[in-house]
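For the sequence shown, the tail end lands on 86 under the UniProt record's numbering, and the numbers increase by one without skipping.
Take these hints with a grain of salt, some might be off.
Each computed SDA-like pair below joins lysine to any residue, with the alpha-carbon atoms no more than 20 Å apart [stated by the list, open to error]:
(1) LYS32 - PHE56
(2) LYS32 - PRO15
(3) LYS8 - TRP36
(4) LYS8 - LYS46
(5) LYS66 - ARG79
(6) LYS50 - LEU16
(7) LYS57 - ASP37
(8) LYS57 - THR68
(9) LYS46 - PRO15
(10) LYS66 - ALA77
(11) LYS8 - GLU23
(12) LYS57 - ARG79
(13) LYS66 - ARG53
(14) LYS8 - GLY39
(15) LYS57 - THR84
(16) LYS8 - ASN34
(17) LYS32 - MET12
(18) LYS8 - GLU52
(19) LYS46 - ALA77
(20) LYS47 - THR5
(21) LYS57 - GLY85
(22) LYS32 - LYS50
(23) LYS46 - GLY85
(24) LYS8 - LYS32
(25) LYS66 - LYS50
(26) LYS32 - SER2
Restraint ranges, calculated between C-beta atoms of paired labels, are given here [stated by the list, open to error]:
(27) ALA33 - MET12: 40 to 48 Å
(28) TRP19 - ALA58: 24 to 32 Å
(29) ARG25 - THR72: 28 to 36 Å
(30) LYS8 - LYS57: 22 to 30 Å
(31) TRP36 - THR72: 28 to 36 Å
(32) ASP7 - LYS50: 29 to 37 Å
Honestly, the hints are just simulated from the structure, not real lab data.
In this text, a Cβ means the ideal position worked out from N, Cα and C, and glycines have one as well.
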Amino acid sequence: MSARTADKYITMLRPLWDWAIFERRVTAASYKANPWDFGRSVPRGKKSDKPEREAFKADDCRQPLKATQRGTRGGDAFRLSLATGV
């Protein structure tokens with residue numbers, strides 16, 4: 001996982017934990033502070049020389065979309081992964 005991706009996930013988790021602690025959804029005594037507050041960012045490594053992966057083209061997605069039905073677990077998971085880029 002790249003440092004930028006780790007920073008992105010930490011940035012998303014930090015307010016979620018703040019909310020959970022404030023709303024007392026997390027009640028363990030060890031979680032009075034946000035575990036995602038590190039005070040510094042993730043150290044970055046050297047940029048690799050690997051070429052970046054190309055984005056999917058519309059034709060690359062049409063066949064799997066036709067093969068999976070909406071409302072099914074597999075179809076919904078595939079559509080969600082296309083929408084979020086996961």
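Do the hints match the structure? See the list:
1. LYS32 - PHE56: Not OK: LYS32 and PHE56 at ~43 Å, beyond 20 Å, violated.
2. LYS32 - PRO15: Status holds; Cα separation ~14 Å.
3. LYS8 - TRP36: Holds, because 12 Å separates the two Cα atoms, which is no more than 20 Å.
4. LYS8 - LYS46: holds (18 Å)
5. LYS66 - ARG79: Between LYS66 and ARG79 the Cα gap is close to 11 Å, so the pair holds against 20 Å.
6. LYS50 - LEU16: Outside the cut-off at roughly 34 Å; violated.
7. LYS57 - ASP37: Violated. LYS57 to ASP37 sits at ~38 Å, over the 20 Å cutoff.
8. LYS57 - THR68: holds (18 Å)
9. LYS46 - PRO15: violated (29 Å)
10. LYS66 - ALA77: This hinted pair holds, its Cα atoms lying about 14 Å apart.
11. LYS8 - GLU23: Violated, at about 24 Å.
12. LYS57 - ARG79: Answer holds: LYS57 to ARG79 is near 15 Å, not above 20 Å.
13. LYS66 - ARG53: Measuring from Cα to Cα gives roughly 24 Å; hence the hint is violated.
14. LYS8 - GLY39: holds (15 Å)
15. LYS57 - THR84: holds (15 Å)
16. LYS8 - ASN34: The hint holds at about 16 Å.
17. LYS32 - MET12: holds (19 Å)
18. LYS8 - GLU52: holds (19 Å)
19. LYS46 - ALA77: Distance of about 34 Å is beyond 20 Å: violated.
20. LYS47 - THR5: Judged against 20 Å, a Cα distance of about 14 Å means the pair holds.
21. LYS57 - GLY85: holds (13 Å)
22. LYS32 - LYS50: Since the Cα atoms of LYS32 and LYS50 sit roughly 42 Å apart, the hinted pair is violated (cutoff 20 Å).
23. LYS46 - GLY85: The given pair, whose Cα atoms are some 24 Å apart, is violated under the 20 Å limit.
24. LYS8 - LYS32: violated (23 Å)
25. LYS66 - LYS50: Cα-Cα ~33 Å, so violated.
26. LYS32 - SER2: violated (29 Å)
27. ALA33 - MET12: 40 to 48 Å: violated (18 Å)
28. TRP19 - ALA58: 24 to 32 Å: violated (38 Å)
29. ARG25 - THR72: 28 to 36 Å: holds (31 Å)
30. LYS8 - LYS57: 22 to 30 Å: Between LYS8 and LYS57, where Cβ atoms are some 25 Å apart, the hint holds.
31. TRP36 - THR72: 28 to 36 Å: Hint holds: Cβ distance 34 Å, inside 28 to 36 Å.
32. ASP7 - LYS50: 29 to 37 Å: violated (20 Å)
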